[in-house]
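Asks: If you read the protein sequences in the order shown, they are chains A and B.
Take the position in the first sequence, starting the count at 1, then add 157; the result is the number in this note's numbering.
Take the position in the second sequence, starting the count at 1, then add 54; the result is the number in this note's numbering.
Hints in this document: simulated from the structure, not taken from any laboratory.
In this text, a Cβ means the ideal position worked out from N, Cα and C, and glycines have one as well.
Honestly, I wouldn't trust all of these hints.
Examples of chain A residues toward chain B, derived with CB under 10 angstroms [stated by the list, open to error]:
{"hint": "1", "residue": "Glu199"}
{"hint": "2", "residue": "Glu215"}
{"hint": "3", "residue": "Phe258"}
Here are the simulated DSS-like cross-link-like pairs (lysine-lysine), alpha carbons at most 27 angstroms apart as the crow flies [claimed, not checked]:
{"hint": "4", "chain 1": "A", "residue 1": "Lys228", "chain 2": "B", "residue 2": "Lys111"}
{"hint": "5", "chain 1": "A", "residue 1": "Lys162", "chain 2": "B", "residue 2": "Lys67"}
{"hint": "6", "chain 1": "B", "residue 1": "Lys67", "chain 2": "B", "residue 2": "Lys111"}
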Amino acid sequence: DQQVKQNSPSLRVQEGRISILNCDYTNSMFDYFLWYKKYPAEGPTFLISISSIKDKNEDGRFTVFLNKSAKHLSLHIVPSQPGDSAVYFCAASARLDQFYFGTGTSLTVIP
Amino acid sequence: KAGVTQTPRYLIKTRGQQVTLSCSPISGHRSVSWYQQTPGQGLQFLFEYFSETQRNKGNFPGRFSGRQFSNSRSEMNVSTLELGDSALYLCASRGTMNTEAFFGQGTRLTVV
Chain A
158 DQQVKQNSPS
168 LRVQEGRISI
178 LNCDYTNSMF
188 DYFLWYKKYP
198 AEGPTFLISI
208 SSIKDKNEDG
218 RFTVFLNKSA
228 KHLSLHIVPS
238 QPGDSAVYFC
248 AASARLDQFY
258 FGTGTSLTVI
268 P
Chain B
55 KAGVTQTPRY
65 LIKTRGQQVT
75 LSCSPISGHR
85 SVSWYQQTPG
95 QGLQFLFEYF
105 SETQRNKGNF
115 PGRFSGRQFS
125 NSRSEMNVST
135 LELGDSALYL
145 CASRGTMNTE
155 AFFGQGTRLT
165 VV
């Protein structure tokens, strides 16, 4: 049972435009959410996180939005750069529990 | 500060054999988690250890086991390897709960 879902396996965006990656979850007990970026042959790298007491968190070009009522999480990258091309995973956890990861979205930023 | 180190990076084993993978967490981190990544399946949680105790366990068969040592280093063992065990195995460490986990580069296991 996939508790965290990324329904778009891939996304292509023009350089300079906004990339929006989406994530849905089913467990209302989740209170901590993260996004990771992964290049081939490397481990995932932490990007940004948000706790359930917030609905938005920004870090440079990356902003994560949390809609608790819809159980929906999104990552906005503005402006998108070719170096952002990677697989992006969202993850969620409930207090003292493990991380649950989505299946990933492969982002391609076209120069 | 050194990151999470996984050894070996690549491994080829024959069906039926067993394998042991190693993970050294970031210094000071006591929590180590293991994940299996296969194409289209994302990161599937195997188990988490904290202070030498297994704290959480995913839905994997008993062929998959792990342990953690007093220095927080962790090992994962897979016995009676099957072709479907071919995957990237990732280890992650974190200092406290509800903080981000830091991943190693993974061990690419191929079962032939």
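Asks: Now look at each hint and say whether the structure bears it out.
Replies: Verification of the hints:
1. Glu199: holds (6 angstroms)
2. Glu215: violated (16 angstroms)
3. Phe258: holds (4 angstroms)
4. A:Lys228 / B:Lys111: holds (25 angstroms)
5. A:Lys162 / B:Lys67: violated (32 angstroms)
6. B:Lys67 / B:Lys111: Given that 27 angstroms is the threshold and the Cα spacing comes to 25 angstroms, the pair holds.
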